[in-house]
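From just these sequences and the hints, can you work out the full model?
For the record, the sequence lines run as chains A and B. Taking the numbering used here, the leading residue of the first sequence gets 1, the next gets one more, and so forth. Taking the numbering used here, the leading residue of the second sequence gets 1, the next gets one more, and so forth.
Worth flagging that the hints you see were computed from the coordinates, not collected in a lab. Take these hints with a grain of salt, some might be off.
Claimed, not checked - Label-pair ranges, simulated between beta-carbon atoms:
1) B:G327 <-> A:D11: 30 to 38 Å
2) B:L128 <-> A:L26: 44 to 52 Å
3) B:P312 <-> A:R148: 47 to 55 Å
4) B:M22 <-> A:T78: 48 to 56 Å
5) B:L128 <-> A:L121: 23 to 31 Å
6) B:L46 <-> A:M96: 23 to 31 Å
7) A:N39 <-> B:V32: 53 to 61 Å
8) A:K136 <-> B:Y42: 46 to 54 Å
9) B:L181 <-> A:Q95: 40 to 48 Å
Since this is a predicted model, take the numbers as computed values, not measurements. Every residue, glycine too, gets a C-beta built ideally from N, C-alpha and C.
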Amino acid sequence: MKTIEMPLDGDVTLNLDNLSVSFGGLMALNDVTMSLKPNVWNGLIGPNGAGKTTLLNVLSGFLVPTGGSIHLGDENMTGQSTQDWVRRGILRGFQMPRLLEGETVFVNIMLGRHRFLSSGLGAQILRLPQYMAAEKRDRDVCMEIAERLLLGDVVGELVSNLTFGTRRLVEIARLLAAEPKIALFDEPAAGMDPDLRHELVSILAEIQSAGKITAVLVEHDVDLVRRLCPVSHVLDAGRLIAHGATDEVLGLQQVQQAYFGVDHD
Amino acid sequence: MVDMQSIVRSDVRGGPEKLRRMAWVTVGCLLVLALPFILESYWLYLVGVTAVYAIAGLGLVILFGFTGQLSLAHASFFGIGAYVSAIGGVHYGLPGIVTLPIAFAICLAAGAFVGIFALRISGLRFALITLSFGELFYWASVRWSDLTGGEQGLYAEPLSVMGIDFGDPINAYFLFAALGLLATTLCFRLRDSSFGRAMAATRDSELAARSSGVSVARTRYIAFIIGALFSGVAGWLFSGHVGAISPNFFDMFASLNMLVAVIIGGVKTPLGAWVGAAYLVFVPELFGMAGVSNLYPILSGALLVLIVLLLPAGIVPTLRQALRRLGTSRGDKQ
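Written out as structure tokens, the structure is:
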């Protein structure tokens, strides 16, 4: 079994150069260039169909770009598999939470630890000390994350019995359990009831201010982006139309026009 | 909230759940030890057949229940084990200790070959590929009659391993009990391991699996091979125990029967394989005892429909749920 190399020590920039993705004739991403600086949270905004989720798909290996390149520091990540992305600590969430429906909350969170696995199947079945020690550590980490995400009371519940908001928390817990270096959130707060949403936002704010991970946050809620992301990138019809400090970007006329349909004159 | 705590614990394995588990294991062990002194040899023989089918069923639990992969060739791997054991014994005079590794190696190779398709194909299309392998195996077992005895099949010597004669029902019983226990433990450990989580992810959500760094193809492949090996070892035990084998033990219907058995028992739990195997072996027997064995083909279908309708998750999970409910209503309420 392959050992996990983790060359990313948190200070590597992810550079996207002239990235394009086309589906047939449709350019889902058109010549996008941006760089994600270490430990900075980036808002990724734009109207529906602007290519936000497509970009996340590319940045997690689910889609291979049809043009351009992606570099993580010096390493060329273009066309690498999902496993390669995860191995380097770049992990994503989904707009609709993707969970193991037949398993408990705890098992779902533990799945996030998969990328740290260093024992083979034999060691796992024989329960060799080295594997069991790692498993114990993983359990402790996951329990801590569960508590932090208010899931402490439901770790033994089947995921399929949970409400939508709680399911979303489980997915975020799984993501955090993987200790991402770069986390890609796809509308993490959408569809949650106000209380839970409030909790989630403060948890994310806490993680953000700890300053240890880079994040890309696809989000429609502008206030949330303001609060969590000092930097924002705006996509419209597959093109990057603006980027920079969030407040400035949101004030730009072309952004307002593309995003809110507001026409100033 | 006390209840919540125990649920939490059950997942971290400790506390009252562990005690309860140990109690069950102790009861189980005592029963296993006492059985040969209670049952007459024919019933003991049937328990042996149950253990054999349970071991094969455990392979299906891993493949289908844990990984979500349908196989219609499970009985073929069972057949490989059975024929290697029987042919080795009858034609070449090989003892069990030699035929076991041969059966193991052939099942490994065959599993590794058929499994290649699982790397790219999943779901029903993969099931069809296993079906064609199953048909191929059936065809070969009929056609290669010099070795296999064709449709007639062949007699098999009782297993004899290192001087111990497993033609003796009590010896056989303990061999099956030991191997059954080993297989069951393996299955539990697989489920609770990191690989077990990878299998569950492969079954429930490929996106969740891939986005957590799990290789879905590799997980399917390994699960398929493990399933084939369980079935092969069970087949190796089977031929010596029943004394005669023929191709119809290993055809598509046999594969379907195995599938039906684990679904009845509970496909996601190792114990489900045991309950399913017991169903497969004892239900026809009970019809026979009642003197209505000719009703079996009709009523078994109705019984099956009834079980699937009333206990969609299988017998074991339903029982477990009922026990838990009983436990909570006995303990503190709310």
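Quick rundown of the hints versus the structure:
no.: 1; hint: B:G327 <-> A:D11: 30 to 38 Å; in the structure: 53 Å, violated
no.: 2; hint: B:L128 <-> A:L26: 44 to 52 Å; in the structure: 34 Å, violated
no.: 3; hint: B:P312 <-> A:R148: 47 to 55 Å; in the structure: 36 Å, violated
no.: 4; hint: B:M22 <-> A:T78: 48 to 56 Å; in the structure: 54 Å, holds
no.: 5; hint: B:L128 <-> A:L121: 23 to 31 Å; in the structure: 28 Å, holds
no.: 6; hint: B:L46 <-> A:M96: 23 to 31 Å; in the structure: 49 Å, violated
no.: 7; hint: A:N39 <-> B:V32: 53 to 61 Å; in the structure: 58 Å, holds
no.: 8; hint: A:K136 <-> B:Y42: 46 to 54 Å; in the structure: 48 Å, holds
no.: 9; hint: B:L181 <-> A:Q95: 40 to 48 Å; in the structure: 46 Å, holds
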